[in-house]
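Student: With chain A held as given, fit chain B onto it using these hints.
Protein sequence lines correspond, in order, to chains A and B. The working numbering numbers the first residue of the first sequence as 1007 and each following residue consecutively. The working numbering numbers the first residue of the second sequence as -8 and each following residue consecutively.
Any given hint could turn out to be false.
In silico lysine to any residue, SDA-like type, Cα no more than 25 Å apart, as pairs [unchecked claim]:
#1 247(B) / 1537(A)
#2 1244(A) / 110(B)
#3 203(B) / 1558(A)
#4 247(B) / 1675(A)
#5 1234(A) / 116(B)
#6 1244(A) / 99(B)
#7 166(B) / 1414(A)
#8 1674(A) / 247(B)
#9 158(B) / 1422(A)
#10 1234(A) / 1385(A)
#11 1234(A) / 105(B)
#12 1336(A) / 42(B)
#13 253(B) / 1420(A)
#14 203(B) / 1414(A)
Honestly, the hints are just simulated from the structure, not real lab data.
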Amino acid sequence: MAQVERFSYDNAIVRKFAYATIIFGVVGILVGLIAALQLVFPTLNLGIPYTTFGRIRPLHTNAAIFAFVGNGIFMGVYYSLQRLLKTRMFSKGLSEFHFWGWQAIILAAAITLPLGITSAKEYAELEWPIDLAIAAVWVAFGINMFGTILKRREQHLYVAIWFYIATWVTVTVLHIGNNLELPVHLWKSYPVFAGVQDALIQWWYGHNAVAFFLTTPYLGLMYYYLPKAANRPVYSYKLSIIHFWALIFIYIWAGPHHLLYTSLPDWAQSLGTVFSVMLIAPSWGGMLNGLLTLRGAWDRVRQDPILKFMVVAVTAYGMSTFEGPMLSIKSVNAISHYTDWTIGHVHIGTLGWNGFLTFGILYWLIPRLFNTKLHSLKLANAHFWIGTLGILFYAIPLYWAGWTQSLMWKQFTPDGFLQYGNFLETVTQIIPMYGLRALGGTLYVAGYFVMVYNLIKTIQAGSFIGDEAAEAPPASTWAAHHGKEHWHRWIERRPVQMLIAATIAILIGGMVEIFPMAMIDDQVPRIESVTPYTPLELEGRDIYIREGCLGCHSQMVRPFRSETERYGEYSKSGEFIYDRPFLWGSKRTGPDLHRVGGKYPHSWHYNHMYEPQSTSPGSIMPPYPWLLRDELNTSNTAAKIRALQTLGTPYPEGYDQIAVEDLQKQAKIVADNLRKDGIDDDKLEEKEIIAVIAYLQRLGTDIKPKPQAGN
Amino acid sequence: MKNKTLKLILAVLPLLLFSSTIWGQAAEGTGSNPYFYSGLLSNGMLFLVGAVFVAALIALYNLLNIMVKVQQIRIYQEQGMEAYMEEAKKPQQSFFQRLYKRMTNVVPVEKEKDIMFDHEYDGIRELDNVLPPWWVAMFYITIAFGVVYYTYYHFTGAGPSSAEEYKMEMEQAEKAVQAYLATQSNQVDETNVELLTDEQSLAAGKAIFEGKGTCFTCHGMQGEGGIGPNLTDPYWIHGGGIKDLFKTIKYGVPEKGMISWKDQLKPSEMHQVASYILSLQGTNPPNPKEPQGELYQQVENAPAPPADSTATGAESKEADAIGMNKE
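Extracted from the complex, chain A is given alone in its bound form (with noise of 0.2 Å):
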């Protein structure tokens, strides 16, 4: 009596992902590789702002993480999970608004990063109205994987779907958890908390948002495809369970490793260190269980470029889940934080790791969707090698630029003084380092379109098969479990239990983080002296988050004598306690701007935006004649006031009101100081660069001593 159901898998949808997935990953790095030229050749935005590194460094991210990596997510776990699961997907009509919602995602990022469109949060750059779209298209992707799921054929859940079902709970709890913001308008918005708390959210969520869209998800695909294109058992499933649990269960502890030696109360630092170094052995058992999954298959990975891809890319995810414990020893993040050595290791697991595996997942499934052979062995093979060539020519300069970089900032004469008190001494050494990496991202972008056109000729050769035929014993013939077997068997008959255990391993670690921080005010020592931004500062803030200057420029001196004798005295966490959103940085391609205030002349400032090389020859920022030609819109000014007022900022009641008053005020007197150094224009009080020199001139001054002058 062995009945057998036939039914069908959804192969139309899993194509449509895979030509996203293609697409995108040219538009990905060829942003990113329009960037790495940008800081050779700083004019090459071409004096347009919409090209600007500041905005489209933020393209460049959201493009390879969400557009190529996502995409790439969704065609693996599409095509596997029906697999894996013996049924059709769940629902047509939420894969079609699954994907067509996620593309129009993506097109809105593109629009609107470019405008200056932005929340400022890194991976989370997009406005409010963006995060809502997010939100819902991700809960479609949700009920139709657990629809799938509870309509399965396969009793039990493979270790891939564990991680599918840990990536979608996590994904959702870090989106919300990191948006939660109050609008002033349709494109703008400020963050529900502030500074210090801010940052915490912020990087829970932006490790994250690597350990859980970027790591997570890929392992499951590995889990699939690694062994089905190597033909292999997977090495041991005892280790799929231990390093599954343990790795979601601690990556979300270690957000903190991006904040280390900043204002984040040092207790929190140090659980980002440890929790850092206790997730070494999980990753590895991916790795390994990724690797080991390959004997008696090595000889074939000399002639399989799939498998050379695959085996690569989880060497990469062993070298940078190495890497990343040991630059979360505070020793060591001394040195690499700000500089290129964090962006060097970013790109090992991102071309290696992610680019990588897709790479090797396309090269395998689309001869299967059309029902052919793959084109060319020969192109699969250049393309690994030119692949690799990029990434070792973009990472090995990166690490010397970053080590090169630091320890020139922490170079001291022995009387007493900075070697290279001029930070542009410390970026011309550098530049030709940025020109090595912008010809291995040129290589890295010339192998993909070596596959691009292999997989072109490769369709062309072939039929699609949109629906294929298969067919497996339906559930009721599923056995009654009792008595011996792994433990851990039980839950993977429960995908609903599966799910909670899942939530509550990864709710943990951040709750024991973000709540002491947010609910107890004692973490963030107030000082009397910090006083909210005045309308003309506020709205010069928002001008810099707009052009994206935290790309560049970080606003957290740290506690080292090379800082404090460079920038001043080290940052306070009680000074950004009205900063919404929180605007420290990660990477110092400039320097450090949270003692900027005072320290040059109003002039000096204009004369900057307008030409830089003018103030600070050799400089590799890109000039903003903008700011001193546009208008500053102070039509949401009041607006904006009110929003702040609701979340705390103690402005006077019915500030709003004035706010524009004020505003004009203070320009007046900007604008008259920039005359009286011979600067001069028709309506030099209503541009922008009046507020943003407004801001530029507050940003540290808080706590600096003041001079006893006038009244």
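Tutor: Showing chain B alone in chain A's frame:
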């Protein structure tokens, strides 16, 4: 076997020697070499010491092995050559081979059918290999590290906080700088500075003016003025003597945008650039900025005027209102 062990010991010994010399140098280095990045140094040393410790352990283990072997040979010899030969024929595995086997504990590919699970997912099978013992050990070690680290820094209070670390770093650096300065003589400051006129000093001053001092960005490439005042006319806001200039450069006039250079230029460099600026007097460059301040009369041995005495009340009020100096 014996030969191998000896080789190993020979290999380890120079390592020990080598590392101890480095250790000696380093200990000296942290004292007299303040600009060497000491955090990196101590971490590197820690690692080296650890490596040497492990190497010593391995050497010790191998020595023990040799002694056991010698003992065995003696026993075999007493029990007759036959038994010894029998034993010697058995394949011997080196320490590392045995360690490798123990740490991986893997079922060979040929025997994997014995540990294959019944279940399969879309054709994917799973093996029941145990957790690699080295991996388990690594996991335990990192957990132990976490517990020790957190206890050291947060439960016992023995480890310094970030702020304490900073304080220590500053104190150490201050001591080292003082020690260095004690070996140097004739530090220039605003009380004893004299005008330099030799060509070499003026050339050095010019290089600073146009280079690392970035003076030209505000005062013009030829001192004609721009954002900042003209330096070639005899009118000075804060005094035009060498001592005045030195003082203005050293401490700056922050409320007017002239930054303090004492942390970026050495006294000798401020000396050179101040002298160079005074050498520009009367050069009449093109596009001069209109004179500011007062006509300066050279007065020998006159005390330098206080830095803020020439700032007018209006200017201070203005600086106050724009938020540069809030409240």
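Student: Go through the numbered hints given earlier and state which of them the structure violates, listing their numbers in rising order.
Tutor: none
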